[in-house]
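For reference, the chains in residue letters:
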Amino acid sequence: GAVVSQHPSRVICKSGTSVKIECRSLDFQATTMFWYRQFPKQSLMLMATSNEGSKATYEQGVEKDKFLINHASLTLSTLTVTSAHPEDSSFYICSALPGTGNYGYTFGSGTRLTVV
Amino acid sequence: AQKITQTQPGMFVQEKEAVTLDCTYDTSDPSYGLFWYKQPSSGEMIFLIYQGSYDQQNATEGRYSLNFQKARKSANLVISASQLGDSAMYFCAIRGGSNYKLTFGKGTLLTVNP
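Protein chains in written order, with our numbering: chain Y, 3 to 118; chain V, 26 to 139.
Chain V extracted, bound-state conformation:
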């Protein structure tokens, strides 16, 4: 079974600053994938970034980067140059095994202040 732990229920950041959202995971599968999603108040799930367990380099997608530390089982999301529109819930998720199920963490509510 897979497990995701997000220990920050809420985070605040000033506009234009960078912020790190924490995510640790647990899995017994040697091959797995880690995802970050953004969920605004409208409810849609917006894919942000993906990191495969065998990827040698940290994933980056525009202002999003993933600080992947495999030995520590952590996959923190870094958002650079925060914007007001970044205010939302952020979920870390893991896919492992052959059933392709995604297991989500409890989420972090990010608030960007002007």
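Only chain Y is shown next, with the shape it has when bound in the complex:
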């Protein structure tokens, strides 16, 4: 079935540095990628939607200059958390469309970001 590889699975970074998270579709072309953020014991909140070759669409309240999304190819989308602060510590997960099976949505395995 469709697979989205998300890396890294865990990352610890110092406050003020930037962190890049990659989501790569391994066996299909992902025209659309969704990026979610999940705080402990809470739901997945959509941060942005990216379409290959165009600028990402951010949800209300999400700082586009802080969370840079690049979807330069049909198989790779990246989320860069710039100038990270402890409050950015969270679980980030991507979901790609169209996948095969699962009615189109293929999730990455998630990245647990800790900013110290």
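Please note that a few of the clues may not be correct.
Partial list, computed: chain Y residues near chain V (C-beta under 10 Å) [what the hints assert, rightly or not]:
#, residue
1, PHE30
2, LEU46
3, THR59
According to the in silico footprint, chain Y covers these stretches of chain V (three or more CB under 8 Å from chain Y) [claimed, not checked]:
#, segment
4, 65-71
5, 115-128
Derived from the structure by calculation, the hints contain no laboratory data. No residue lacks a Cβ here, since even glycine has one placed at the ideal position from N, Cα and C.
Chain V: place on chain Y using the hints.
Below, chain V without anything else, positioned relative to chain Y:
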């Protein structure tokens, strides 16, 4: 805009028994899709079952079935013969409109007791 409401923060069930996880939704789109996902402590999102708004029959996938009551706008997940490995967070989600965004509920933490 779409909205999902899951009113059960936590549920307990004995192994081998059935359990129902509640989900109600709100949408103005005539065409929509309802999803259930399982999220174990590892964080991955595991697709369980899907119900389309025009599907005439309730969806079933192995031990999972969806009790779809369109008039009540509810899409409850039924897990039969619970197993210890079913212990996890369960999220209901809705896709509506042309942007294919998924909106998730707050989730229900299911604990299966031996």
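Structure-based check of each hint:
The restraint placing PHE30 (chain Y) at the interface with chain V is violated, with a minimum CB-CB distance near 15 Å, outside the 10 Å limit. Contact between LEU46 (chain Y) and chain V, as hinted, is supported at the beta carbon level, the nearest pair being about 5 Å apart and thus within 10 Å. Interface restraint check for THR59 (chain Y): the shortest CB-CB distance to chain V comes to about 8 Å, inside 10 Å, so the restraint holds. Only when three residues or more bring their CB closer than 8 Å to a CB of chain Y does the claim for the segment 65-71 of chain V stand; here the count is 4, and the claim holds.
A count of 6 residues in the segment 115-128 of chain V with a Cβ less than 8 Å from any Cβ of chain Y is obtained; the coverage claim is therefore met, three being the minimum.
In this structure, only the earlier hint numbered 1 is contradicted, and the remaining ones agree with it.
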